[in-house]
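There are 2 protein chains.
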Amino acid sequence: MPEAAKSDLFVGVDLGGTKILAGVFTPQLKLLQTAKLSTKSSRGFDPVVERVARCVRDAVDEADMSVKQVRAVGVGAPGAVDPESGEVIFAPNLQWKDAPLKKELEQLLEIPVFVENDCNACTLGVHEVELKGKPRNMLGLFLGTGIGGGLILEGKLYRGFSGTAGEIGHMVLQVGGPKCGCGNNGCFEALASRTALFREIQQRVKDGEKTVLTEMLGAELDDLKSGDLRKAIRKGDKLVEKVLESAAEFTGIAVANLINVFNPEVIVLGGGVIDALEDELMAIIVETALDYAMPGTTKGVEIIASELGDNAGITGAAVLAKQRFK
Amino acid sequence: MPEAAKSDLFVGVDLGGTKILAGVFTPQLKLLQTAKLSTKSSRGFDPVVERVARCVRDAVDEADMSVKQVRAVGVGAPGAVDPESGEVIFAPNLQWKDAPLKKELEQLLEIPVFVENDCNACTLGVHEVELKGKPRNMLGLFLGTGIGGGLILEGKLYRGFSGTAGEIGHMVLQVGGPKCGCGNNGCFEALASRTALFREIQQRVKDGEKTVLTEMLGAELDDLKSGDLRKAIRKGDKLVEKVLESAAEFTGIAVANLINVFNPEVIVLGGGVIDALEDELMAIIVETALDYAMPGTTKGVEIIASELGDNAGITGAAVLAKQRFK
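If you're matching them up, the sequences are chains A and B in order. Heads up, the first sequence is in the numbering used here, so the first residue is 304 and it goes up one at a time. Heads up, the second sequence is in the numbering used here, so the first residue is 304 and it goes up one at a time.
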């Protein structure tokens, strides 16, 4: 590695409700090493920030580098963020409100820190690294425990009037549909997130439908994971197939809505659900989206699954650090 | 009027499926005079373009000006438009496909002509003239026979990858809901356009529900207009009240979806349905939107009805002419 790069590293942090992932990147945004810690959010703000700092140091150490060689740290946080002050305004999964993440982390690390919403960070990562910054207008859609999104418009991250743009999970697709965590009914998140999938499967099992999942995990399905659904499908499980098909159709309709409204060039899907079930979901998502979008709006439009997988968040956070540090 | 302005006029044309409206504007975008002709779309492309030219000349003549004083003409057309070539790619209401509107109209008028989608033009008009260009991010939503929209993002009209952005009327709000003209089910347009309102009222009358509308217009309700609904409401008509309330709620949910996704500063509603029924609809639309939007996304956000009324289209087309002519 050339000498200049050695003192020009960027660290990207994906701060989630259950785990912290940190990655060390070269100035060309090549990933060198990662480190992972559990979040332990129940311990409160200060202990979590200390764990983020530790995770950054661990990742740098894994890469045989020194924290002094790091120019800036980017953090993707799960909630509403003020990107100027670096405060996390509201993050229900961490039980944070008006949490001065940038300030505290800069004190601990003595490196500039930049904070962004996690889905915005993932979208940046996909746009800049996976797609080489090419699409002028792109939409990132991330299906995990919840559903979130990010928008690249005219080549730049679009944040909206007060920085909350991209709450795609709370687009209502079915007025009067299933209850969502936000209090409304029929949100995209209540129809196609991991939470929605698992709830639907558990309800159907309670109602007496049969699935191999109960043989695999017991009647309560307590420790259900996205990967189990993949295994069940491969065993020919009809219940899981139906539930996934329905979620994929709702996702396709959400994509069509966004194509109709935005006419983006590329729509990238990611997140734990897509990472685990890409083969089962993507064909139905694409077919439904093309079916529901208005004629003419999909010409040349690509609907793809991200290849960054679990690294989308750290990659995007590193992009953020590099962009904002300049 | 100062001498300079006399030879610096702009004409805006609102080309609709049933009527052509043209307005003569000063360089400061003050409306001087208008003229109106029926479209007669059944006569075909060339005769309609000739009528547009005639309508432009009539408006200029009404203002006691000469066509030589007009710098540029803007046209808002009801369909997909290529703003560079000025072709109307597809306009079902006019039965046009790949129609070279700019080229033909420039030959007839010998003035530069610029063409834009009608909802984009209306949005430009509201943004530049009614709101003095102030909001950085704004959304225009127009409820008439159909439903369309336009987006101002970071201060400029946003057209998307292939120019089709803003097809808000075909955002699905209720999977499996009523059939839409586009072939899908449950589109916003199928739930809250004038067409949807009238269809719902006529269906309920067929099903035996009572309304003063049948006393006003006969059992078939053949010549129903938005204004009749206002009259019925003011007579205490419960059926019309219920139908309007439902449409206003769907509109509020659509607005909330767009706030969640875009986080605009201002959302402006317009079009024939809003112009005729503002008092009956707006309070419910605003209340529902604030209820459905995610916490934090509506801080400082305004949801208002346009005051431009029927002149939004010609105003926006004149803005377009002025912006593009420069």
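Note that these hints are calculated values from the structure, not bench results. Accuracy of the hints is not assured; some may be wrong.
It does not matter which identical chain is meant; a pair holds if it fits inside one copy or across any two.
Simulated crosslink set (SDA-like; lysine to any residue; CA at most 25 Å straight-line) [claimed, not checked]:
(1) Lys538 x Gly599
(2) Lys459 x Gly521
(3) Lys545 x Val478
(4) Lys435 x Gln410
(5) Lys545 x Pro481
(6) Lys602 x Glu390
(7) Lys400 x Asp582
(8) Lys437 x Lys509
(9) Lys509 x Ala586
(10) Lys482 x Ser549
(11) Lys459 x Pro438
Structure-based check of each hint:
In this assembly of identical chains, the alpha carbons of Lys538 and Gly599 never lie at most 25 Å apart, being 39 Å within a copy and 44 Å across copies at closest. Taking the shortest Cα distances, Lys459 and Gly521 never come within 25 Å of each other, neither inside one copy (48 Å) nor across copies (56 Å). Proximity of Lys545 and Val478 under a CA criterion of 25 Å is satisfied in both settings, with 22 Å inside one chain copy and 17 Å between copies. In this assembly of identical chains, the alpha carbons of Lys435 and Gln410 never lie at most 25 Å apart, being 33 Å within a copy and 44 Å across copies at closest.
Within a single copy, Lys545 and Pro481 get their C-alpha atoms as close as 17 Å, and across copies as close as 24 Å, so both meet the 25 Å cut-off. For a Cα distance limit of 25 Å, the shortest separation of Lys602 from Glu390 across copies, 17 Å, qualifies, whereas the shortest one inside one copy, 40 Å, does not. Taking the shortest alpha-carbon separations for Lys400 and Asp582, neither the intra-copy value of 38 Å nor the inter-copy value of 39 Å comes in at or below 25 Å. Proximity of Lys437 and Lys509 under a CA criterion of 25 Å is satisfied in neither setting, with 48 Å inside one chain copy and 55 Å between copies.
With identical chains, the CA atoms of Lys509 and Ala586 are never at most 25 Å apart, being 30 Å at best within one copy and 43 Å at best between copies. Taking identical chains as interchangeable, the C-alpha atoms of Lys482 and Ser549 lie at most 25 Å apart whether they share a chain (16 Å) or sit on different chains (20 Å). With identical chains, the CA atoms of Lys459 and Pro438 are at most 25 Å apart both within one copy (10 Å) and between copies (19 Å).
In this structure, the earlier hints numbered 1, 2, 4, 7, 8 and 9 are contradicted, and the remaining ones agree with it.
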